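K.L.:
Letter by letter, the chains look like this.
Protein chains: 2
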Amino acid sequence: MSLVIVGPLAFDAIKTPFGETDKIVGGAAVFAGLAASFLYDNVKLISVVGEDFGDNIEILQRRHIDTSGVEVIAGGKTFFWSGKYHNDMNSRDTLATDLNVLADFDPKIPDSYQDCDYLLLGNLTPRIQIDALDRLQSKPKLIVLDTMNYWMNSALEDLKAILKKVDVLTINDSEARQLSQEYSLVKAAAKIAEMGPKYLIIKKGEHGALLFSEGQVFSAPALPLADVFDPTGAGDAFAGGFLGYLARVNTINFSNMKNAVIYGSAMASFCVEKFGSQRLETLTQEEIAGRIQQFVALSRFEISE
Amino acid sequence: MSLVIVGPLAFDAIKTPFGETDKIVGGAAVFAGLAASFLYDNVKLISVVGEDFGDNIEILQRRHIDTSGVEVIAGGKTFFWSGKYHNDMNSRDTLATDLNVLADFDPKIPDSYQDCDYLLLGNLTPRIQIDALDRLQSKPKLIVLDTMNYWMNSALEDLKAILKKVDVLTINDSEARQLSQEYSLVKAAAKIAEMGPKYLIIKKGEHGALLFSEGQVFSAPALPLADVFDPTGAGDAFAGGFLGYLARVNTINFSNMKNAVIYGSAMASFCVEKFGSQRLETLTQEEIAGRIQQFVALSRFEISE
Numbered sequence: 001m002s003l004v005i006v007g008p009l010a011f012d013a014i015k016t017p018f019g020e021t022d023k024i025v026g027g028a029a030v031f032a033g034l035a036a037s038f039l040y041d042n043v044k045l046i047s048v049v050g051e052d053f054g055d056n057i058e059i060l061q062r063r064h065i066d067t068s069g070v071e072v073i074a075g076g077k078t079f080f081w082s083g084k085y086h087n088d089m090n091s092r093d094t095l096a097t098d099l100n101v102l103a104d105f106d107p108k109i110p111d112s113y114q115d116c117d118y119l120l121l122g123n124l125t126p127r128i129q130i131d132a133l134d135r136l137q138s139k140p141k142l143i144v145l146d147t148m149n150y151w152m153n154s155a156l157e158d159l160k161a162i163l164k165k166v167d168v169l170t171i172n173d174s175e176a177r178q179l180s181q182e183y184s185l186v187k188a189a190a191k192i193a194e195m196g197p198k199y200l201i202i203k204k205g206e207h208g209a210l211l212f213s214e215g216q217v218f219s220a221p222a223l224p225l226a227d228v229f230d231p232t233g234a235g236d237a238f239a240g241g242f243l244g245y246l247a248r249v250n251t252i253n254f255s256n257m258k259n260a261v262i263y264g265s266a267m268a269s270f271c272v273e274k275f276g277s278q279r280l281e282t283l284t285q286e287e288i289a290g291r292i293q294q295f296v297a298l299s300r301f302e303i304s305e
Numbered sequence: 001m002s003l004v005i006v007g008p009l010a011f012d013a014i015k016t017p018f019g020e021t022d023k024i025v026g027g028a029a030v031f032a033g034l035a036a037s038f039l040y041d042n043v044k045l046i047s048v049v050g051e052d053f054g055d056n057i058e059i060l061q062r063r064h065i066d067t068s069g070v071e072v073i074a075g076g077k078t079f080f081w082s083g084k085y086h087n088d089m090n091s092r093d094t095l096a097t098d099l100n101v102l103a104d105f106d107p108k109i110p111d112s113y114q115d116c117d118y119l120l121l122g123n124l125t126p127r128i129q130i131d132a133l134d135r136l137q138s139k140p141k142l143i144v145l146d147t148m149n150y151w152m153n154s155a156l157e158d159l160k161a162i163l164k165k166v167d168v169l170t171i172n173d174s175e176a177r178q179l180s181q182e183y184s185l186v187k188a189a190a191k192i193a194e195m196g197p198k199y200l201i202i203k204k205g206e207h208g209a210l211l212f213s214e215g216q217v218f219s220a221p222a223l224p225l226a227d228v229f230d231p232t233g234a235g236d237a238f239a240g241g242f243l244g245y246l247a248r249v250n251t252i253n254f255s256n257m258k259n260a261v262i263y264g265s266a267m268a269s270f271c272v273e274k275f276g277s278q279r280l281e282t283l284t285q286e287e288i289a290g291r292i293q294q295f296v297a298l299s300r301f302e303i304s305e
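Quick mapping for you: the protein sequence lines, in order, are chains H and Y.
Residues in the first sequence are numbered consecutively from 1, following the UniProt record's numbering.
Residues in the second sequence are numbered consecutively from 1, following the UniProt record's numbering.
Keep in mind that the hints were calculated from the coordinates and are not lab data.
Owing to the predicted nature of the structure, the values given are computational and were not obtained by experimental measurement.
One thing to keep in mind: the hints can contain errors.
One copy or two, either will do: identical chains are not told apart, so a pair holds if it fits within one copy or between any two.
Think about it this way: if two alpha-carbon atoms lie no more than 30 Å apart in a straight line, the pair counts; the simulated BS3-like pairs of lysine-lysine are [to be verified]:
#1 K187 - K84
#2 K187 - K15
#3 K23 - K141
#4 K191 - K274
#5 K141 - K77
#6 K108 - K141
#7 K191 - K15
All chains, full assembly: derive it from the sequences and hints.
P.N.:
Structural data, given as structure tokens:
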């Protein structure tokens with residue numbers, strides 16, 4: 001049994017009010033993979049990089065992540081994204097998006113990945129998400145799809161096709177409103193459920209996350225932070241932590257889903273503490289356990305009457 | 001022992017995407033008073049109305065609220081506010097603000113109100129809040145102040161003076177940022193604590209509320225609602241429910257404060273279900289108990305490892 005993540009590996013150049021970076025390692029697969037690796041020990045990646053990615057793959061291998069599904073294109077250049085965050089850290093401008101080898105990404109599934117029980121289809125062209133899923137010989141126990149407004153604008157039919165095949169969708173609140181054409185998130189959740197996913201997670205950044213399923217709803221807080229250093233990858237770290245927890249407990253029900261949302265939120269809260277994947281690279285199990293206790297303290301109340 | 005609320009009584013005319021009202025009863029004192037009356041049975045109001053308010057005072061008296069501190073100005077006209085909510089229900093345009101008798105509001109404290117242990121200084125000119133507090137012969141056990149950005153812009157020195165004298169401040173997130181000049185709510189809370197209030201409640205509407213005190217933080221969810229019919233008064237209903245709960249349990253600590261935030265959130269969630277104070281007028285204890293259980297289900301998770 002394994003947890004497989006399909007998603008981009010990238011170089012990112014990031015400007016925030018706290019500083020800026022040259023090209024550092026990024027991409028959904030890095031953030032999700034690192035986050036998942038702290039909760040589950042058989043994590044495998046499917047991605048593509050250019051020859052320039054070089055030794056950076058060791059960031060993943062040091063966390064015992066299987067990278068045999070990461071294709072290296074000889075002479076190719078790795079996907080590059082550059083962005084600048086505004087003072088509120090909630091909005092950003094994209095300065096550059098050079099798809100490079102990602103433009104022709106054709107996901108290949110090593111035979112050793114066919115034991116996949118937990119699949120994360122990270123934010124990518126819906127067509128590639130469909131191809132990756134079709135190439136698995138048996139349907140995973142749980143499929144999580146992450147996507148964004150860009151694909152709702154440019155590839156809505158493919159997105160609707162993959163939505164029919166997944167169990168969990170993670171998007172943010174404005175994307176939920178766009179996809180459903182409903183302002184109320186309760187109504188949005190009901191409409192999105194009709195599109196396929198049994199579980200919907202609406203990510204609200206500093207306002208936490210909502211989990212909807214079959215008339216039930218759970219509200220997870222976000223940890224109030226003194227400093228958000230770099231929001232890049234927080235949503236991917238959330239998805240990795242979420243699915244890593246579920247793979248570990250290996251039982252799908254609403255109660256475990258709620259806990260998984262808390263673990264995802266915890267991993268996202270670490271991610272934003274440093275630039276890029278730096279914080280996730282150095283995380284310890286003790287720090288994670290402590291952060292989970294912070295989430296318990298943050299949200300627990302006891303009304304006795 | 002009593003719970004005293006100082007705040008405006010008003011006529012409101014409201015337009016929302018769901019409809020519009022002629023002049024209906026409104027004002028912070030109505031919403032806060034009604035909400036508090038379901039949780040504590042000795043609620044007293046200090047306010048001012050014009051002769052045109054007439055029998056509307058019975059809305060409060062039917063809930064056994066003491067209105068002997070509501071001054072009626074012969075020949076005067078009651079404060080009138082009119083607003084139009086946008087489709088997102090989070091932003092609104094003010095169409096009219098006719099202060100009328102509120103312009104010369106000089107709060108008078110009946111002798112029978114001098115048993116006040118719990119005081120809510122509803123959203124008003126800070127100068128009037130100071131006067132009301134000064135006219136109480138003994139300091140209440142707990143003083144809650146509600147205010148808004150308008151007073152930060154127009155009466156900051158008076159606001160800072162009253163902040164030094166109160167225990168709890170309730171404001172929204174953008175107001176917390178404005179008052180503290182800090183974007184991070186954690187840093188904002190630390191700065192505002194230095195201004196006086198031991199407890200800070202940051203109201204975030206559909207995103208819930210945060211309670212800060214002495215390095216502790218609690219995040220209360222908002223109940224996801226299919227329809228928000230009219231947001232007017234939600235913040236006042238929150239404050240009334242919050243203080244009503246604390247008066248009932250009559251012990252001030254962080255644990256009770258957390259519960260009080262949940263009760264306040266529950267009363268706010270009822271308030272928005274109909275126009276004006278209609279929903280609060282017809283509420284039952286059974287409905288409140290059921291709503292509290294919804295908040296428990298919404299936020300409870302059990303991580304055993």
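K.L.:
Now look at each hint and say whether the structure bears it out.
P.N.:
Hints, one by one, checked against the model:
{"no.": "1", "hint": "K187 - K84", "in the structure": "between (33 Å within a copy, 23 Å between copies)"}
{"no.": "2", "hint": "K187 - K15", "in the structure": "between (37 Å within a copy, 22 Å between copies)"}
{"no.": "3", "hint": "K23 - K141", "in the structure": "neither (37 Å within a copy, 57 Å between copies)"}
{"no.": "4", "hint": "K191 - K274", "in the structure": "between (37 Å within a copy, 24 Å between copies)"}
{"no.": "5", "hint": "K141 - K77", "in the structure": "neither (35 Å within a copy, 67 Å between copies)"}
{"no.": "6", "hint": "K108 - K141", "in the structure": "within (20 Å within a copy, 68 Å between copies)"}
{"no.": "7", "hint": "K191 - K15", "in the structure": "between (37 Å within a copy, 27 Å between copies)"}
In this structure, the hints that do not hold are numbers 3, 5, in rising order.
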